[in-house]
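S.K.: Using the hints, position chain B against chain A.
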Amino acid sequence: MMLLALLKKDFLIVKKYVLIMVVVAALIPPFMRWRTPEFMGDFGFILSVIFSVFMLLQYVSIKEYQFPKAATYLCAAPFSRKMMVLSKYVFCMVIYVLCCVIYGIETFVLPGLGALDIKLFALMFLAISAFIGIYLPIQYKLGFDKTKYIFAVIIIFSPMYLPVLMRMKNPGLGFHSVLPTYFLYSSIVLIGFAVLAISASLSVKIYTKADLA
Amino acid sequence: MNDILTVNGLNKSYGDFYLRDVTFSLPEGCITGFIGVNGAGKTTTLRAILGLTTKLSGNIQFFGLDFDKNEKQIKDRIGVVLDDGCFYEELSLSEMKSIISSAYTSWSEQDFKRYMDMFSLDPKQKINTLSKGMKMKYALALALSHNAELLIMDEPTSGLDPLIRSQLLKTLIEYMKNGGKGVFFSTHITSDLDKIADTLIMIDNGRIIFQEEKDTLLDTYRIVKGDSQSLTTDVRKLFLSISETDFGFTGLTKQISEVRSCIPDVLIERPTIEDIMLGNIGGEK
Numbered sequence: 000m001m002l003l004a005l006l007k008k009d010f011l012i013v014k015k016y017v018l019i020m021v022v023v024a025a026l027i028p029p030f031m032r033w034r035t036p037e038f039m040g041d042f043g044f045i046l047s048v049i050f051s052v053f054m055l056l057q058y059v060s061i062k063e064y065q066f067p068k069a070a071t072y073l074c075a076a077p078f079s080r081k082m083m084v085l086s087k088y089v090f091c092m093v094i095y096v097l098c099c100v101i102y103g104i105e106t107f108v109l110p111g112l113g114a115l116d117i118k119l120f121a122l123m124f125l126a127i128s129a130f131i132g133i134y135l136p137i138q139y140k141l142g143f144d145k146t147k148y149i150f151a152v153i154i155i156f157s158p159m160y161l162p163v164l165m166r167m168k169n170p171g172l173g174f175h176s177v178l179p180t181y182f183l184y185s186s187i188v189l190i191g192f193a194v195l196a197i198s199a200s201l202s203v204k205i206y207t208k209a210d211l212a
Numbered sequence: 000m001n002d003i004l005t006v007n008g009l010n011k012s013y014g015d016f017y018l019r020d021v022t023f024s025l026p027e028g029c030i031t032g033f034i035g036v037n038g039a040g041k042t043t044t045l046r047a048i049l050g051l052t053t054k055l056s057g058n059i060q061f062f063g064l065d066f067d068k069n070e071k072q073i074k075d076r077i078g079v080v081l082d083d084g085c086f087y088e089e090l091s092l093s094e095m096k097s098i099i100s101s102a103y104t105s106w107s108e109q110d111f112k113r114y115m116d117m118f119s120l121d122p123k124q125k126i127n128t129l130s131k132g133m134k135m136k137y138a139l140a141l142a143l144s145h146n147a148e149l150l151i152m153d154e155p156t157s158g159l160d161p162l163i164r165s166q167l168l169k170t171l172i173e174y175m176k177n178g179g180k181g182v183f184f185s186t187h188i189t190s191d192l193d194k195i196a197d198t199l200i201m202i203d204n205g206r207i208i209f210q211e212e213k214d215t216l217l218d219t220y221r222i223v224k225g226d227s228q229s230l231t232t233d234v235r236k237l238f239l240s241i242s243e244t245d246f247g248f249t250g251l252t253k254q255i256s257e258v259r260s261c262i263p264d265v266l267i268e269r270p271t272i273e274d275i276m277l278g279n280i281g282g283e284k
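Order-wise, the sequence lines are chains A and B. Position 149, counted from 1, in the first sequence is what numbering that gives the first Met the number 0 calls 148; the numbers after and before it change by one each time, with no gaps. Position 248, counted from 1, in the second sequence is what numbering that gives the first Met the number 0 calls 247; the numbers after and before it change by one each time, with no gaps.
So here's chain B without its partners, still in its complex pose:
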């Protein structure tokens, strides 16, 4: 499987925040979730790979092409949805579309109309009269109407109600079925990724924590619940994070067989992506 995006050694400073040696790749044919808490570096990474912010160092390749040397050609092949729309809000939907559409060589008016109809958007409506969910749908309609091979989205589901989030995720699945080569989207709402993601990349404090296929990741970790008295110093080392209450402890581990042999009388559960994300950020130990 070819990689459609490769990021190698990306470094960037933003005041006292740093992206440190960010390295990952997006395999073709996958929906990749980019997870991390607020301020972890998701938006900065996305902006750096789109050339919206300068980088200190690092190499970025889309479709095997160097971004710095082929920026225009690459941007013509990707669809972008930035957080909160990013439009001139006093324009109508058709006016904003008329500006954006002229930038793309493969703009399809037919596709745009189809998405506008699908999302029940009126081209004459002013952007500032749209709800947050409608703006996101409009942004998605623009991003998907020029035969984009890769869709990059920054927090597309943030602040949306469950119905609109569900419609959005359905559209992404359809996009992949219709020949999209990849979707890369950042989010801190991990339940969306439970539904559609194939691969997950986690970032925290400007560093990539892991890149893994979702199913492998969910198979690797386990939630362990038991009596706090069984937590010796050596046992604690087997956990990525532990939270304790008067009733016992809950911990996340990758070393399930070792934990089982040390404390046989524990309850073991399959974690969610959120459990894994929070466990990797670190908790009490």
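Isolated chain A (complex conformation):
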């Protein structure tokens, strides 16, 4: 119940952007299919997930940064700090699931996007779990401002390391289609959950010891 209330809070404080994100998440896959037909709709789905999760999480963080005492007030109410942290992870996962649903519907409506691919969802789940698994504990430890700069530096230097990654054997965008078993993908999903669980417990530990604003 409390987790739901906190989840609702996150959506309420960024409500202006949620609809825009839904529209963007729906438009990216067909657009990318048009621009990069060799990747079917996969590339578009990947971009829509990264864009939606990252941008909405950023907007929530900006609002929390803008009104730091609001979180303090919630903690003075019976909301536990653990729930406050967990709600952020659930928030990201809800957006991810929303992206999957939108893309799933699109694959039925727009045949050019290719068939609905559970393997792609599993791989993207791991990727997004890894991203928020790293991002959120850093943000809880260093605060929004410093984390923003760290990730800005990573993005600025991405032209240096991305080509190296691209040159690596099996660059990845289509490799999931040749992997053999569902067992492998179940394992990937489990690893994703493990990453989230470890990251969440670390974030809870950091936030529990923090002096609130």
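Be careful, since some hints might not be right.
Unchecked claim - Footprint (simulated), chain B over chain A, 3 or more residues, beta carbon under 8 Å:
id, region
1, 1-13
2, 72-83
What the hints assert, rightly or not - Subject to a maximum C-alpha distance of 27 Å in a straight line, what follows is the list of computed DSSO-like cross-link-like pairs (lysine-lysine):
id, chain 1, residue 1, chain 2, residue 2
3, A, K68, B, K68
4, A, K14, B, K68
5, A, K68, B, K125
6, A, K68, B, K131
7, A, K140, B, K68
8, B, K213, A, K68
9, B, K123, A, K15
10, A, K15, B, K96
11, A, K81, B, K96
12, B, K68, A, K208
13, B, K112, A, K14
14, B, K134, A, K7
15, A, K140, A, K7
Stated by the list, open to error - For each label pair, taking beta carbons as the anchor points, the in silico distance ranges come out as:
id, chain 1, residue 1, chain 2, residue 2, range
16, B, D116, A, L46, 47 to 55 Å
17, A, L3, B, K169, 34 to 42 Å
18, B, T271, A, L2, 32 to 40 Å
Derived from the structure by calculation, the hints contain no laboratory data. Built from N, CA and C at the ideal position, the CB exists for glycine as well.
M.R.: Chain B only, in chain A's frame:
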């Protein structure tokens, strides 16, 4: 009379500021004022007892329950008003309420509506369009709508005009009449405490200076005014603080009979809480 809050040996460091062995208790059925100048440690103490900031050591009990072990249960039974509202300002009043209300097991929609009507607040209004006084009223409406047994407020009257301060104090008195077990509020506006407080706790430089019933406190101290020439070294020791001008001196003392016997020709007045607060912080001697 039972204590509804007991703080024992609370220590906390905040940069170069320290709370040192803060110990006090709140008796049931009382409005307790927590006084001190800006930076004395009032907000830090309140935050530490609400678990919003980590403490180095100390034991905190609400309603006889250990705070560390029963945090959720205790917070369900107390209402909190923090300084300047502390809301997501872009939300409407009803949106913010919908978040907060789900945290409390005894939330009363009826009480909330009554307070909203009483304070003339529109649920559809955005929080960032409210004045400081209206925000404080809204915070009070939220804090009083879940059958809280204890109300904790951090500087609730700071920066408010006299009319709103008066309404707020009236609401606190009504809350106590309607079954509230206690109010604990920090302030540096001591005139508010003159009107409603039963007990006073003073903090300065991170240390508790006194905890006393207001009437006893006002009976204990006296303001003395007289000629500065009568202030010998021994007489000065009888005062907590003395300020001198070309026309004479004004001092605060707890030893009125000794002062009277040393300098009979003095004017003696009953002090205000502010006089006592300032006298205890220290003045010229």
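S.K.: Hints first: check each against the structure and report whether it holds.
M.R.: These are the hints, each one checked on the structure:
1. 1-13: With 8 residues close enough to chain B, the hint holds.
2. 72-83: The restraint on the region 72-83 of chain A holds, since 8 of its residues have a Cβ under 8 Å from chain B and three suffice.
3. A:K68 <-> B:K68: holds (25 Å)
4. A:K14 <-> B:K68: violated (36 Å)
5. A:K68 <-> B:K125: Holds. K68 of chain A to K125 of chain B sits at ~17 Å (cutoff 27 Å).
6. A:K68 <-> B:K131: holds (15 Å)
7. A:K140 <-> B:K68: Holds, at about 25 Å.
8. B:K213 <-> A:K68: Judged against 27 Å, a Cα distance of about 32 Å means the pair is violated.
9. B:K123 <-> A:K15: This hinted pair holds, its Cα atoms lying about 17 Å apart.
10. A:K15 <-> B:K96: holds (19 Å)
11. A:K81 <-> B:K96: At roughly 21 Å apart (the allowed maximum being 27 Å), K96 of chain B and K81 of chain A satisfy the hint.
12. B:K68 <-> A:K208: holds (16 Å)
13. B:K112 <-> A:K14: holds (25 Å)
14. B:K134 <-> A:K7: holds (22 Å)
15. A:K140 <-> A:K7: Given pair K140 of chain A, K7 of chain A holds - Cα atoms ~24 Å apart, limit 27 Å.
16. B:D116 <-> A:L46: 47 to 55 Å: About 50 Å separates the Cβ atoms of D116 of chain B and L46 of chain A, which means 47 to 55 Å holds.
17. A:L3 <-> B:K169: 34 to 42 Å: holds (37 Å)
18. B:T271 <-> A:L2: 32 to 40 Å: The hinted range 32 to 40 Å is violated for T271 of chain B and L2 of chain A, with Cβ atoms some 50 Å apart.
Violated hints for the displayed structure, listed by number in ascending order: 4, 8 and 18.
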